[in-house]
Amino acid sequence: GAVVSQHPSWVICKSGTSVKIECRSLDFQATTMFWYRQFPKQSLMLMATSNEGSKATYEQGVEKDKFLINHASLTLSTLTVTSAHPEDSSFYICSARDVLSYGYTFGSGTRLTVV
Amino acid sequence: AQSVTQLGSHVSVSEGALVLLRCNYSSSVPPYLFWYVQYPNQGLQLLLKYTSAATLVKGINGFEAEFKKSETSFHLTKPSAHMSDAAEYFCAVTQTGANNLFFGTGTRLTVIP
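The listed protein sequences derive, respectively, from chains L and D. Residue 93 in our numbering sits at position 93 of the first sequence; the count goes up by one each step and never skips. Residue 163 in our numbering sits at position 48 of the second sequence; the count goes up by one each step and never skips.
Hint data in this document are derived by calculation from the structure and do not stem from the laboratory. Be careful, since some hints might not be right.
Part of the chain D face toward chain L, derived, beta carbon under 8 Å [to be verified]: (1) Asn156; (2) Gln157; (3) Gly158; (4) Leu159; (5) Leu161; (6) Ser188; (7) Asn214; (8) Leu216; (9) Phe218; (10) Gly219; (11) Gly221.
Some chain D residues well away from chain L (every beta-carbon gap over 12 Å; in silico) [said to hold, decoys possible]: (12) Val144; (13) Thr170; (14) Asn176; (15) Glu179; (16) Lys184; (17) Thr187; (18) Ser195; (19) Met198; (20) Ala207.
Even for Gly, the Cβ is constructed at its ideal location relative to N, Cα and C.
Please construct the entire structure, taking both the sequences and the accompanying hints into account.
Here it is as structure tokens:
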């Protein structure tokens, strides 16, 4: 079945530094990928929708200059948390949409801790 | 507008008992509906999905769900709970032409030995 690889699984960084998270669709082409943030014991909050070759669409309240999204190919989207602060600590999950099967496949998530 | 409501943020069942997790949707057009499971510190794994074919959908790990238009429901069931079923379960909805999924608030399933 469809597989989405997300790396890293966890990362600890210092305040003020930037962190890049990668999301790859391994066996299908994903023209659209999604980035979610999940707080403890809560549901997924959609941050942005990235479309291959175009600018990402951010949800209301999500700072696009802080959460940079790049979707340069049909199999790779990246989320860069710039100038990270402790309040950015969270679980980030990507998802890729397979238009052929109308499926949404999720990555395994990235636990970001900013110290 | 689309949304899903999951009744019961926590559900506890005994091992071997019936699992019933409730999901009601709101959609102005025929929906596509999904159930996902999430284990701690992991992503979401698809259990099953309804995409306008058979109303009774069978998924992985013995789970199934029935789409009931008259009740706007898509409840998830499993005849006999296993300890390994303990996890967080999310119902989600989308529709033809839409892009992203809309998630419910999730239901934490606890299985009591």
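#### Entry: Claimed clearance of chain L by D/Lys184, with the beta carbon kept past 12 Å
Fine: 19 Å to the nearest Cβ keeps D/Lys184 off the interface.
### Query
Can D/Leu216 be said to touch chain L, with a Cβ gap under 8 Å?
OK, holds: D/Leu216 within 8 Å of chain L, min 6 Å.
### Message
Given a cut of 8 Å on the nearest C-beta pair, is the interface hint for D/Leu159 held or broken against chain L?
### Response
holds (4 Å)
### Message
Using Cβ atoms and 12 Å as the threshold, tell me whether D/Glu179 really stays out of contact range of chain L.
### Response
holds (18 Å)
### Query
How about D/Asn214: closest beta carbon in chain L under 8 Å, or not?
For D/Asn214, the interface hint holds, since the closest Cβ of chain L sits about 6 Å away, which is under 8 Å.
### Task
Classify the hint on D/Asn156 as holds or violated, based on whether any CB of chain L lies nearer than 8 Å to its CB.
Where the cut-off is 8 Å and the nearest Cβ of chain L is about 6 Å from D/Asn156, the hint holds.
### Task
Beyond 12 Å from every chain L Cβ: check whether that's true for D/Met198.
holds (21 Å)
### Query
If you take the shortest Cβ to Cβ gap from D/Gly221 to chain L, is it below 8 Å?
This hint holds: D/Gly221 lies near chain L, its Cβ roughly 5 Å from the closest one there, short of 8 Å.
### Query
Taking the minimum C-beta separation from D/Thr187 to chain L, is that value above 12 Å?
holds (19 Å)
#### Entry: Separation of D/Asn176 from chain L, once the least beta-carbon distance is taken, above 12 Å
Correct as stated: the minimum Cβ-Cβ distance to chain L is 14 Å, above 12 Å.
### Task
Grab the minimum C-beta distance from D/Phe218 to chain L and call the hint holds if it beats 8 Å, violated otherwise.
holds (5 Å)
### Message
Tell me if the interface restraint on D/Leu161 is satisfied: Cβ within less than 8 Å of some Cβ in chain L.
### Response
holds (7 Å)
Hint compliance for this structure: hints 6 and 20 are broken, all remaining hints hold.
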